[in-house]
Amino acid sequence: MRYTFNFSGLAPYWEMFLDGALMTLELTLASTIFGLILGVLCAIGKRSRLPWLRTLCGIYIETVRNTPFLVQIFIFYFGLSSLGYTMPAAVAAVITMVINVGAYSAEIIRAGMDAVPPGQIEAAECLGLSRPRIYWHVVMLPAFEKVYPSITSQFVLMMLMSSVTSQISAEELTGAANNIQSITFLSLETYIVVAGLYLVLAVLLKALFSLGGLVLFRRRRVVGRAARETARATRTATLRRTAAPRQAA
Amino acid sequence: MDHFSSAQFLYLLKGLGWTLVLSALSFVLGSVAGFGVMLARLSRIGPVRVLAAVFIQGIQGIPLLVLLFVVYFGVGIFGIDVPPLAAAGIALMVYVSAFLGEIWRGSVESIEKTQWEAAECLGLSRWQSLLLVIIPQAIRLSLPATVGFLVQVIKSTSLASVVGFVELTRAGQIINNSLFQPFLVFALVGGFYFLLCFPLSKWSQAMERKLNVGRR
Amino acid sequence: MSAVVSLRNVHKRFGSNQVLKGVSFDIPRGQVVAIIGQSGSGKSTALRCINRLEAIDEGSIQVCGHDLGGARVDLEQLRKDVGIVFQSYNLFPHLTVAHNITLALRHVRKLSRKASEERARAVLDTVGLLEKYDSYPEQLSGGQQQRVAIARSLAMEPQVMLFDEVTSALDPKLTGEVLKVIEKLAEGGMTMVLVTHEMAFARRVAHQIVFMHQGQVWETGGPEILVGPQTRELQDFIGNGL
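Respectively, the protein sequence lines represent chains V, R and F.
So the first sequence is numbered by the working numbering: it starts at 1 and just counts up by one.
So the second sequence is numbered by the working numbering: it starts at 1 and just counts up by one.
So the third sequence is numbered by the working numbering: it starts at 1 and just counts up by one.
It cannot be assumed that every hint is accurate.
Pairs of lysine-lysine, DSS-like flavour, derived with a Cα cap of 27 Å [said to hold, decoys possible]: (1) 210(R) x 113(R); (2) 146(V) x 202(R); (3) 180(F) x 80(F); (4) 184(F) x 80(F); (5) 113(R) x 110(F); (6) 146(V) x 210(R); (7) 173(F) x 184(F); (8) 14(R) x 202(R); (9) 80(F) x 113(R); (10) 114(F) x 80(F); (11) 206(V) x 146(V); (12) 113(R) x 146(V); (13) 80(F) x 110(F).
Hint data in this document are derived by calculation from the structure and do not stem from the laboratory.
Using the sequences provided together with the hints, build the complete structure.
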């Protein structure tokens, strides 16, 4: 039984696809910003000297990382509304995403902060720098640069994970696909198109983060440029040397 | 306030059982496929390498939920009536193979070039070096990440509920539809997932620590 | 004496960096040749060209009847004929000492399990580590690991053995035990090429010294050139070495 693909049947619904994609990006943007803040706070909390704070952050992180996102959404959206707290699906989606991203980010950032060699902190102390300044310049900033690739990967993953919020009718891209396929009955085509759209969004986001990394972290720019110039200089110097007459052995 | 009847609790446990079945099925099948993906990614034949890379990037760049739908409706066009378990299993297998293939490739490539040289200089062929020297070391290196990914797989099976497969999450939804206590039901469901995943997460972390200490 | 290894006007370039600029020397059968020189003189590269770890750009290398500049080199046979021991030993960490040695014996030389185990014991005895048969590399000291690496290469019964600065990564105390093994092999008549910094050892064991400087063979001769160098560069090198 041959199947004929009918992608053109989806053309009239391009606006719905676009709206869904925009909503996905909005959800991602909001959860990225707040999730990062939460992640940093939690990373600091997990490294704190207060045992109860460490335990609290630990419980939060482990609970979120060991339960499915779908279940977290259900607990939040349906659970809270049954207790009387109703909210729009999009808000519930963002809050759950923030809680989720926060936990994963906390682990990544904490690992980055732990990886700072204690020798550097000692050196900073011996130079007389104040504690907050040491924390920022010697611990936080290098940690950020180190974990930037992992954290931005996490954000792209969150963007893909936002598709699950379609199950509580947040009007994002997968939700749009669900609607469109129920109208047109072109289910396979719809989801293939949406898969392609997510792929485009993911590539775009990765590129954006890559650029952002170069802008934010001057060191990579400076070192990268210096390396390229050194390579160029060695090439011209070697050419000049091999052209000179050889000395007798 | 209604309380859980024992029948409902058992229904949840049955769902838990199916979660385990789907997890094991996808992980095992996905591992076999993932091994193939890894070999393809390491192949010296250009087009094979590129194809594998495209496959991995493609699967990693789309949501699992959408992949599930594509497989569910895609298999349906062949006229065969596929049970949700099979559709979910196939989708998860594809998903797992892309991620594991990439994890394992990373491990193989992180083995120092000098190990390859030593094997080559003893006369071993490229395949012999790969199978006898490199891969055994790479497996040990990749164990924490592989177990960590198993946790992801178990959590991902919750999405199979969307295509109608009655695993733990779907069982929870069904019970909630008669009990109307979502907080209690889904907290319990979450608890079950936690019991499955937490020990594995801890094991993965322990292995990672041991590996970092063992390296001189 | 026939030359087992023969280099003629070998050139080798890495990117824009010309590392070997016309290197020529012979290694007669049963002789020990020590290649010395500063870092960057090209000595390790020259050694690695002999067993085709690096391919040459110009010139010719004849090794045990193989023509390395030719169109098709029988790499499998070449690797059986030429053994190499690396600076960082490169033992396989996931295998015992015994399996490190028997792996290639079984899969390349196609020996039976019994034969390969017998041979493994024999070579381990030669390097004085028979009691470490079932140990893992991580349980051994650097010097012991390097001796196992030598045994592993020796077990393949090569015609020539190459040693790439095999004691440079070892503490002075452990260096001695490795040098003793190398000397023993030399007395047994093995054809060997050593890239080394151990001047005193080279003087005692080597039949021929090749001093490399800036990618060329700057001076060559018997061990006496280490006492009475002809060129200023070798004078400088030895002076600095003491």
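Comparing the hints with the structure gives:
no.: 1; hint: 210(R) x 113(R); result: holds, 23 Å
no.: 2; hint: 146(V) x 202(R); result: holds, 24 Å
no.: 3; hint: 180(F) x 80(F); result: holds, 24 Å
no.: 4; hint: 184(F) x 80(F); result: holds, 21 Å
no.: 5; hint: 113(R) x 110(F); result: holds, 25 Å
no.: 6; hint: 146(V) x 210(R); result: holds, 23 Å
no.: 7; hint: 173(F) x 184(F); result: holds, 18 Å
no.: 8; hint: 14(R) x 202(R); result: holds, 26 Å
no.: 9; hint: 80(F) x 113(R); result: holds, 21 Å
no.: 10; hint: 114(F) x 80(F); result: holds, 20 Å
no.: 11; hint: 206(V) x 146(V); result: holds, 17 Å
no.: 12; hint: 113(R) x 146(V); result: holds, 25 Å
no.: 13; hint: 80(F) x 110(F); result: holds, 12 Å
Consistency with the previously given hints is maintained throughout, with no hint failing.
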